[in-house]
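> For reference, the chains in residue letters:
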Amino acid sequence: MTAIPLSWWVSVATALFVIGLYATLTRKNAIAVLIGLELMLNSANINFVAFNRYTTPNQVGGQIFAVFVIAIAAAEAAVALAIIIATYRRSATVDVEDIDSMKF
Amino acid sequence: MEQLINWLANILENTSWWGLPADVSAAVIVWSVYGFILALVVAPMAMIVLTWLERKIIARIQDRIGPNRAGPFGLLQAVADAIKMLTKEDTTPAGADRVPFNIGPGLAAVAAILIYAVIPVAPGIVGTDLNIGIFYIVAVGSFGVLGILMAGWSSNNKYALLGAFRAVSQLVSYEIPMVLSLITIAVVAGSMSTVTIVDKQSWVNGGWYLIAMPVTFLLFFLSSVAEVGRSPFDLLEADSEIVAGFHVEYSGLKFGLFMIAEYVHALAVAALTATLFLGGWHGPFVTQLTASSPVAGAILGHIYFLLKVGVIVFILMWFRGTLPRFRIDQLLDFGWKFMTPVALLNLLVTAFVVKLFQPGVSTGMGYAISAGPLASFGGVGQTIALLIANLLVAFLVSLAVRAFARRSKAQALRAVAAVEN
Amino acid sequence: MAEQIVFFIFTILVLGGGIGIISTKNLYYSALFLSMTLSGMAGYFVLLNAGFLAAVQVVVYVGAIAILILFAIMLSRRMMTSSEPQTNRQTWLAAIVSPLLFIAILVLVLQVNWPVSSAAPTGDALILLGMSFLGSYVIPFEVISVLLLVALVGAIILARDTHTDTGREQ
Amino acid sequence: MQNPYIFVGILVLAALLLPVVGLGVAWFLRPHKPNPFKQSTYECGIEPIGDAWVQFKVSYYIYALVFVVFDVESVFLFPWAVAYNFLPLYALLEVIIFVAILFFALVYAWRKDALKWI
Numbered sequence: 001m002t003a004i005p006l007s008w009w010v011s012v013a014t015a016l017f018v019i020g021l022y023a024t025l026t027r028k029n030a031i032a033v034l035i036g037l038e039l040m041l042n043s044a045n046i047n048f049v050a051f052n053r054y055t056t057p058n059q060v061g062g063q064i065f066a067v068f069v070i071a072i073a074a075a076e077a078a079v080a081l082a083i084i085i086a087t088y089r090r091s092a093t094v095d096v097e098d099i100d101s102m103k104f
Numbered sequence: 105m106e107q108l109i110n111w112l113a114n115i116l117e118n119t120s121w122w123g124l125p126a127d128v129s130a131a132v133i134v135w136s137v138y139g140f141i142l143a144l145v146v147a148p149m150a151m152i153v154l155t156w157l158e159r160k161i162i163a164r165i166q167d168r169i170g171p172n173r174a175g176p177f178g179l180l181q182a183v184a185d186a187i188k189m190l191t192k193e194d195t196t197p198a199g200a201d202r203v204p205f206n207i208g209p210g211l212a213a214v215a216a217i218l219i220y221a222v223i224p225v226a227p228g229i230v231g232t233d234l235n236i237g238i239f240y241i242v243a244v245g246s247f248g249v250l251g252i253l254m255a256g257w258s259s260n261n262k263y264a265l266l267g268a269f270r271a272v273s274q275l276v277s278y279e280i281p282m283v284l285s286l287i288t289i290a291v292v293a294g295s296m297s298t299v300t301i302v303d304k305q306s307w308v309n310g311g312w313y314l315i316a317m318p319v320t321f322l323l324f325f326l327s328s329v330a331e332v333g334r335s336p337f338d339l340l341e342a343d344s345e346i347v348a349g350f351h352v353e354y355s356g357l358k359f360g361l362f363m364i365a366e367y368v369h370a371l372a373v374a375a376l377t378a379t380l381f382l383g384g385w386h387g388p389f390v391t392q393l394t395a396s397s398p399v400a401g402a403i404l405g406h407i408y409f410l411l412k413v414g415v416i417v418f419i420l421m422w423f424r425g426t427l428p429r430f431r432i433d434q435l436l437d438f439g440w441k442f443m444t445p446v447a448l449l450n451l452l453v454t455a456f457v458v459k460l461f462q463p464g465v466s467t468g469m470g471y472a473i474s475a476g477p478l479a480s481f482g483g484v485g486q487t488i489a490l491l492i493a494n495l496l497v498a499f500l501v502s503l504a505v506r507a508f509a510r511r512s513k514a515q516a517l518r519a520v521a522a523v524e525n
Numbered sequence: 526m527a528e529q530i531v532f533f534i535f536t537i538l539v540l541g542g543g544i545g546i547i548s549t550k551n552l553y554y555s556a557l558f559l560s561m562t563l564s565g566m567a568g569y570f571v572l573l574n575a576g577f578l579a580a581v582q583v584v585v586y587v588g589a590i591a592i593l594i595l596f597a598i599m600l601s602r603r604m605m606t607s608s609e610p611q612t613n614r615q616t617w618l619a620a621i622v623s624p625l626l627f628i629a630i631l632v633l634v635l636q637v638n639w640p641v642s643s644a645a646p647t648g649d650a651l652i653l654l655g656m657s658f659l660g661s662y663v664i665p666f667e668v669i670s671v672l673l674l675v676a677l678v679g680a681i682i683l684a685r686d687t688h689t690d691t692g693r694e695q
Numbered sequence: 696m697q698n699p700y701i702f703v704g705i706l707v708l709a710a711l712l713l714p715v716v717g718l719g720v721a722w723f724l725r726p727h728k729p730n731p732f733k734q735s736t737y738e739c740g741i742e743p744i745g746d747a748w749v750q751f752k753v754s755y756y757i758y759a760l761v762f763v764v765f766d767v768e769s770v771f772l773f774p775w776a777v778a779y780n781f782l783p784l785y786a787l788l789e790v791i792i793f794v795a796i797l798f799f800a801l802v803y804a805w806r807k808d809a810l811k812w813i
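So the sequence lines, in the order shown, correspond to chains U, G, D and H. Position 63 of the first sequence, counted from 1, bears residue number 63 in the numbering used here, the numbering being contiguous throughout. Count along the second sequence from 1, then add 104; that gives the number in the numbering used here. Count along the third sequence from 1, then add 525; that gives the number in the numbering used here. Count along the fourth sequence from 1, then add 695; that gives the number in the numbering used here.
Incorrect hints may appear among the rest.
Unchecked claim - Under the rule of at most 30 Å between Cα atoms (straight-line distance), these lysine-lysine pairs were calculated in the DSSO-like manner: (1) G/K441 <-> H/K811; (2) G/K459 <-> G/K441; (3) G/K441 <-> H/K807; (4) G/K459 <-> G/K304; (5) G/K441 <-> H/K752; (6) G/K459 <-> G/K513; (7) H/K752 <-> D/K550; (8) H/K811 <-> H/K752; (9) H/K728 <-> G/K192; (10) G/K160 <-> G/K188; (11) G/K188 <-> H/K728; (12) H/K807 <-> G/K513; (13) H/K811 <-> G/K513; (14) H/K807 <-> H/K752; (15) G/K160 <-> G/K192.
To be verified - Going by beta-carbon spacing under 7 Å, a handful of chain D positions derived as facing chain G: (16) A580; (17) V583; (18) V584; (19) V587.
What the hints assert, rightly or not - Far from chain H, some chain U residues (derived; all Cβ distances over 10 Å): (20) S7; (21) A15; (22) L25; (23) A44; (24) T56.
Calculated from the structure, these hints are not laboratory results. Everything numeric in this text was worked out from a predicted model, so none of it was measured. Just so it is clear, CB atoms sit at the ideal spot from N, CA and C, and this is done for glycine as well.
Isolated chain U, as found in the complex (with noise of 0.2 Å):
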């Protein structure tokens, strides 16, 4: 399994992670900063498993680092999720910039 250079899984895994950084940052909507945060998790999840297979082969570590990121992820995404719906319900927006009322 040396065909692929570890150093590809980390610019891909780099890559993955500044787009999703660049969609939470810049995205007005409540949920496509969601995607993006879920892309920067798949980021990180892409050098858990990429780092076990290069480095300890005979070891699950980062497979199991990986699972309870993505158990994680859907337990996040349904609390987000299920906040976004409350507050659309309540304000009708899911604008991030929108929603300031406990600014104050």
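Starting from the known structure of chain U, fit chains G, D and H onto it as the hints suggest.
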């Protein structure tokens, strides 16, 4: 598969004039051929044969003759239908999201075909023996859900969207009992590989899982019927309620792709049930025959497997011919408030029984597992114990259901009395 | 060689989906692009000998999270019809900072000479996974179930229409 | 033995070929005569009123929510099931606790009428 690969590999290796690069091995070529046949021949054939069979069987159930004009016994009727689908005009509703609208049916069909990759049809003949076999099936099913949601949302039609919402609610609700019953099987077989699961169902190892785990079988079978969306769980396309569900706006071959997806999926469920509970290709003389002549054993295995699949397919059609449709609230209640708790209970009870029959193993992790107290009874003993445990679960569940029914009946009576006063 | 080609195909899925997410205005398309990225990730995991994780990725992300996101988008549909730009004032800043961050991370990370082991994986990773979940990682394993319980309770409380309870629904 | 997932990849390609070839053939065979009436959405014969993308009720979302939680649970139970024979008895106990906590989640959703079709 192994023998087949070796046999074909011998032929292929002598043909240097193929001019293929050296790292493309013969096995890959054989697999490719197998895969393409599976996707391009078996899938459309499944649709053509099954639609004909279904119309015939339902006609007989309803005391009719069914299609009988095109060809002998109306056999060509399904072919005629397929040609009609190919030549029908394909309309896209105005305001539809074109790209997802066109991807949706394809995704559903691909997802249904992918299930066949892990179904062993005869000794040694399987697409691929994944170690996550049954989990792979669950994963592939997810794409079908996505296809349905895409189709319903992109159609720009209220009925389609409503149908997609209903369909997805139903599919996700019944995925849970299905997954839990799959986990139960994995506990008993000690593996998720479909090949291993079939091997474990030989008579030496304790026989069919249908005998050992009838409750698990019912849970799995009913929830898979719901996953395919066939009667009595055919709310996804309840013609009389939401016109046709998520595929109202589809015409021509795109509609046909949804039909292919449905029938291919139905056949896959039948094949899966036969694999997981009816011992797959197991039957008299298969093992002996395979030892002497792999090809003959494979043919016999195919025959047994197809017979079992045929029985399940017939049961599916029998359901359709006789059972009325669920109401959506009943359907979801049945899934969440009955199937899921029963599946959880069944999983824990099965795990407990399996522990009693646990063989002693050394784990290589610094500790060894000693054999369970009943390990000496072997596979057959485990089957009997599992059967008893399953019947116990069924009995407990029936008690609970009866108590629940009595309580809700009393509640209803009290409500009526309150109104009358 | 073949592996590298497969890697590039999956990279097109993953990064193409990512670029689709940040370039489309339609939230529905973003969610579909997200599913594309997630499927590509499953392919990555297969390449990395983590077949189980690939299936987990598809089951949880494509089968559950993407569906949940699509449901949420459909439930809050009204704001998607607005023709306003979907990006906020930080866009230009982010457009400058993100590539810089990308280059900075890459320069940093690729300098390190990681101790790569060339050993081939032995044994069934699946059994190892199961043994680890109930061995060294048993506390996180139990905590996850509590986390899921809490998430469910919280999400139900938040998402439920409080108006329906009091019968004030029109 | 090669990577078993190669076959899955091949099957994906083959399965993709089915809709692509089918729709391609149908493209040449079928008539193309669109008109506004054909292209209007179906609404039992009457003129469609308004956009189809109307808002739907939240109970669909709640079913999906409960599903996500149980889906994630099943992900953790699969490796346990495979490794079951290699695990000591306490593993069964741990899983009983694990399942019991999630069963409590189901009971909670049930008692709060989140699983009730309104």
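> State for each hint whether it applies.
Verification of the hints:
1. G/K441 <-> H/K811: Holds. G/K441 to H/K811 sits at ~10 Å (cutoff 30 Å).
2. G/K459 <-> G/K441: Holds, at roughly 28 Å.
3. G/K441 <-> H/K807: Roughly 13 Å separates the two Cα atoms, so the pair holds.
4. G/K459 <-> G/K304: holds, 16 Å
5. G/K441 <-> H/K752: It holds: about 21 Å lies between the C-alpha atoms, which stays within 30 Å.
6. G/K459 <-> G/K513: Violated. G/K459 to G/K513 sits at ~40 Å, over the 30 Å cutoff.
7. H/K752 <-> D/K550: Roughly 25 Å separates the two Cα atoms, so the pair holds.
8. H/K811 <-> H/K752: holds, 13 Å
9. H/K728 <-> G/K192: holds, 11 Å
10. G/K160 <-> G/K188: holds, 20 Å
11. G/K188 <-> H/K728: The hint holds at about 17 Å.
12. H/K807 <-> G/K513: The hint holds at about 21 Å.
13. H/K811 <-> G/K513: holds, 18 Å
14. H/K807 <-> H/K752: holds, 17 Å
15. G/K160 <-> G/K192: With a Cα-Cα distance of about 25 Å, the restraint between G/K160 and G/K192 holds, given a limit of 30 Å.
16. A580: holds, 4 Å
17. V583: Holds: closest Cβ of chain G sits about 4 Å from D/V583, inside 7 Å.
18. V584: D/V584 check passes; min Cβ-Cβ to chain G is 5 Å, inside 7 Å.
19. V587: holds, 5 Å
20. S7: U/S7 is indeed farther than 10 Å from all Cβ atoms of chain H, at 22 Å.
21. A15: holds, 23 Å
22. L25: U/L25 clear of chain H: closest Cβ-Cβ about 27 Å, beyond 10 Å.
23. A44: Its Cβ never comes within 10 Å of chain H, the nearest being 18 Å, so this holds.
24. T56: holds, 18 Å
Checked against the numbered hints above, the structure violates only hint 6.
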